[in-house]
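If you read the sequence shown in the working numbering, its first letter stands for residue 6, the second for the next number, and so on.
The set of hints was computed from the structure by calculation and includes no laboratory data. Keep in mind that a hint or two might mislead.
To be verified - Label pairs and their computed distance ranges (CB to CB):
#1 GLU129 to ASP244: 25 to 35 Å
#2 TYR31 to ASN217: 16 to 26 Å
#3 ALA314 to ASN32: 18 to 28 Å
Note that CB positions come from ideal geometry on N, CA and C, so glycine has one too.
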Amino acid sequence: MNILIAEALHPILQQKLESSGFICEYNPNIQQSDFKLIANDFQGIVLRSRLKVTEDFLRTNPQLKFIARLGAGMETIDVSTAERMGITCLNSPEGNRDAVGEHAVGLLLTLFHNIRKADAEIREGHWSRNTNRGYELHGKTIGIVGYGNMGKAFAQRLSGFGVSVLAYDKYKTNFSDCFVTETQLIDIQELADVLSLHVPLTDETEYMIDANFISKFKKPFYLINTARGKVVKTKDLADALKSGKILGAGLDVIEYEESHFDKLGFSELPEAFSYLQKSDNVILTPHIAGRTYESEVKLAEILAEKILAKFQ
Numbered sequence: 006m007n008i009l010i011a012e013a014l015h016p017i018l019q020q021k022l023e024s025s026g027f028i029c030e031y032n033p034n035i036q037q038s039d040f041k042l043i044a045n046d047f048q049g050i051v052l053r054s055r056l057k058v059t060e061d062f063l064r065t066n067p068q069l070k071f072i073a074r075l076g077a078g079m080e081t082i083d084v085s086t087a088e089r090m091g092i093t094c095l096n097s098p099e100g101n102r103d104a105v106g107e108h109a110v111g112l113l114l115t116l117f118h119n120i121r122k123a124d125a126e127i128r129e130g131h132w133s134r135n136t137n138r139g140y141e142l143h144g145k146t147i148g149i150v151g152y153g154n155m156g157k158a159f160a161q162r163l164s165g166f167g168v169s170v171l172a173y174d175k176y177k178t179n180f181s182d183c184f185v186t187e188t189q190l191i192d193i194q195e196l197a198d199v200l201s202l203h204v205p206l207t208d209e210t211e212y213m214i215d216a217n218f219i220s221k222f223k224k225p226f227y228l229i230n231t232a233r234g235k236v237v238k239t240k241d242l243a244d245a246l247k248s249g250k251i252l253g254a255g256l257d258v259i260e261y262e263e264s265h266f267d268k269l270g271f272s273e274l275p276e277a278f279s280y281l282q283k284s285d286n287v288i289l290t291p292h293i294a295g296r297t298y299e300s301e302v303k304l305a306e307i308l309a310e311k312i313l314a315k316f317q
């Protein structure tokens, strides 16, 4: 089977496939305009998030046996059309779930203990203890929306903090365990001190966190988003921060990211994002929750194993 590796990834994937007899072509610089035609020579495609697999692309390449996405999100692939055509779609969320879980905890601790603000003040020569007094996680209620690989990894890492962890997933049931209690969304909105998002970007979840959703929370709360930027409407988040309904936000993903996540997609800074940049109670990181040296290897290794298990 001929496989096109169309984006940059760890070489262990190619090594594993070739050692099992697959023929791989590594072309990480291929442009979207050429992608559709070049793909004709291959039965499998491996990519990340830079290239889009549309219905038109799939109709032009009916010879494909599989499309493999390094990572979790599948929003750049028309999965429903692919599956109707008998094309298998694979991903490897198991590879970076540990990284995402750790990063989400890091964002939360940074917010609760004023770490970013205190560090910046000391670098400016200010030593202020009282104004940087923090809060303890112990005794708080953490609400998780989306209990897949990432949500579960986050819950596992919270287990030593003495918190109550509630989780809601529209598409899963009977998942309560020693780390989390399965519940309904209304219960999270009633009880949570922290809301952490671990959902894919779909028509259902796009701008799910808006003014109406936020207003249903009984208590002011902290928001953590390591999922996808467009799950949260930035203007409504900024308004909730201003009003105190949201006490702080840890955002690894931003509404205004380009679809390939490599840069912010605006020429003029939106007012709502400018507010986030200037806020002491907002922590921003550039979509790196899942990007560790370890996860880069695991993502590729797991995806290779899934391809081999299906097509070897």
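Each hint tested on the structure:
{"no.": "1", "hint": "GLU129 to ASP244: 25 to 35 Å", "result": "holds, 29 Å"}
{"no.": "2", "hint": "TYR31 to ASN217: 16 to 26 Å", "result": "violated, 47 Å"}
{"no.": "3", "hint": "ALA314 to ASN32: 18 to 28 Å", "result": "holds, 25 Å"}
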